[in-house]
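Chemist: Take a look at the letters that make up each chain.
Number of protein chains: 2
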Amino acid sequence: MTTATEAHSTAQQLIEMEDRALRRWCNGDPSGFLEISADDVVYFDPFQEQRIDGLPALTAYYESLRGMVRAERFEIINPCVQLIGDAAVLTFNFVSYGGNENALRWNCTEVFRHSKGEWKIIQTHWSFTKPNRS
Amino acid sequence: MTTATEAHSTAQQLIEMEDRALRRWCNGDPSGFLEISADDVVYFDPFQEQRIDGLPALTAYYESLRGMVRAERFEIINPCVQLIGDAAVLTFNFVSYGGNENALRWNCTEVFRHSKGEWKIIQTHWSFTKPNRS
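Protein chains in written order, with numbering that gives the first Met the number 0: chain F, 0 to 133; chain R, 0 to 133.
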């Protein structure tokens with residue numbers, strides 16, 4: 000069993016992990032996410048034709064973006080963590096601001112797995128909030 | 000521990016649950032998803048300003064769509080199930096076809112939790128595959 004205090008502590012830990020990875024991401028460095036993603040990670044974003052499967056494929060994709068992403072600041076809005084044993088689901092709305100203060104709004108789901116003493120991401124899903132249909 | 004055979008069986012069960020709910024969904028009936036969603040379900044789709052939290056809010060939203068969704072056929076593409084104890088993550092690409100054979104392409108993540116002998120959805124994230132940015 001997990002106590003409410005332990006669950007709260009885990010939730011805070013995961014939100015802070017996500018925040019640290021996002022700070023690096025918004026400074027052009029994808030390694031923060033790669034370091035906390037598991038070998039069997041699966042990944043969706045709005046730019047791919049289909050799901051990306053596995054850390055080698057995600058690494059190749061993220062390395063192609065190294066140095067290309069910049070955001071001056073961002074907000075993690077209303078993060079929610081659902082804990083199920085060694086799995087945790089983090090969901091949040093996200094907004095990033097570029098140099099002209101134009102806001103980009105996103106929906107995000109991260110699923111973490113606890114294994115060998117550490118939490119790693121096994122599923123990432125980024126999508127635009129209210130995009131135009133393709 | 001879960002054997003490979005048990006994991007395969009669970010994966011098949013969850014994919015079939017999703018398929019049955021989608022068949023009803025594509026015939027205008029949202030109850031298939033509501034019946035397999037947990038009280039604490041969280042939900043993203045491309046039409047909402049922010050995450051929907053909880054079954055009452057999701058029910059209100061889905062009831063507003065009752066009878067409005069029609070698709071002649073659909074495909075669940077390359078479903079993947081990641082099992083972590085009493086949690087399971089189902090991801091797939093999805094394509095639905097209307098009467099004019101125009102395809103709508105989606106990314107989908109469902110997270111299920113096993114509790115009291117049944118699997119229920121605790122997180123749903125639907126997004127468009129390669130939409131135009133908002």
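For the record, the hints were derived by calculation from the structure and aren't laboratory data. Be careful, since some hints might not be right.
Copies of one chain are not kept apart here, so a pair can be met inside one copy or by any two copies together.
[What the hints assert, rightly or not] Below, computed lysine to any residue pairings styled on SDA-like, alpha-carbon distance capped at 25 Å:
1. Lys-129 to Ala-3
2. Lys-115 to Asp-44
3. Lys-119 to Pro-78
4. Lys-129 to Met-67
5. Lys-129 to Pro-55
6. Lys-129 to Thr-2
7. Lys-119 to Arg-23
8. Lys-129 to Thr-9
9. Lys-129 to His-7
10. Lys-119 to Leu-64
11. Lys-119 to Ala-6
12. Lys-115 to Thr-4
13. Lys-129 to Val-80
14. Lys-129 to Ala-59
15. Lys-129 to Gly-53
16. Lys-115 to Leu-21
17. Lys-115 to Val-68
18. Lys-129 to Phe-73
Chemist: If a hint holds in the structure, say so; if it does not, say that too.
Modeler: To see whether the hints hold, each was checked on the structure:
In this homomeric assembly, Lys-129 and Ala-3 never come within 25 Å of each other (Cα to Cα): the closest approach is 34 Å inside a single copy and 40 Å across copies. For a Cα distance limit of 25 Å, the shortest separation of Lys-115 from Asp-44 qualifies neither inside one copy, at 28 Å, nor across copies, at 34 Å. In this assembly of identical chains, Lys-119 and Pro-78 lie within 25 Å of each other by CA distance both inside one copy and across copies; the values are 17 Å within and 21 Å between. Taking the shortest alpha-carbon separations for Lys-129 and Met-67, both the intra-copy value of 24 Å and the inter-copy value of 19 Å come in at or below 25 Å.
Taking the closest pair of Cα atoms, Lys-129 and Pro-55 come within 25 Å of each other only across two copies (22 Å); inside a single copy the shortest separation is 31 Å, beyond that limit. For the homomeric pair Lys-129 and Thr-2, neither the shortest alpha-carbon distance inside one copy (37 Å) nor that between copies (41 Å) is at most 25 Å. Taking the shortest alpha-carbon separations for Lys-119 and Arg-23, only the intra-copy value of 17 Å comes in at or below 25 Å, while the best inter-copy value is 35 Å. For the identical chains of this complex, Lys-129 and Thr-9 are neighbours neither inside a copy (31 Å) nor across copies (33 Å), given an alpha-carbon limit of 25 Å.
For the identical chains of this complex, Lys-129 and His-7 are neighbours neither inside a copy (31 Å) nor across copies (36 Å), given an alpha-carbon limit of 25 Å. Only within a single protomer do Lys-119 and Leu-64 lie at most 25 Å apart by alpha-carbon distance; the minimum there is 21 Å, versus 37 Å between protomers. For the homomeric pair Lys-119 and Ala-6, the shortest alpha-carbon distances inside one copy (17 Å) and between copies (21 Å) are both at most 25 Å. Within a single copy, Lys-115 and Thr-4 get their C-alpha atoms as close as 22 Å, and across copies as close as 24 Å, so both meet the 25 Å cut-off.
In this assembly of identical chains, the alpha carbons of Lys-129 and Val-80 lie at most 25 Å apart only when taken from the same copy (23 Å versus 27 Å across copies). In this assembly of identical chains, Lys-129 and Ala-59 lie within 25 Å of each other by CA distance solely across copies; the values are 19 Å between and 28 Å within a copy. For the homomeric pair Lys-129 and Gly-53, the shortest alpha-carbon distance between copies (20 Å) is at most 25 Å, but the shortest distance inside one copy (28 Å) is not. Proximity of Lys-115 and Leu-21 under a CA criterion of 25 Å is satisfied intra-copy only: 24 Å inside one chain copy versus 37 Å between copies.
Taking CA atoms no more than 25 Å apart as the test, Lys-115 paired with Val-68 passes in neither setting, with 32 Å inside one copy and 45 Å between copies. In this assembly of identical chains, Lys-129 and Phe-73 lie within 25 Å of each other by CA distance both inside one copy and across copies; the values are 18 Å within and 23 Å between.
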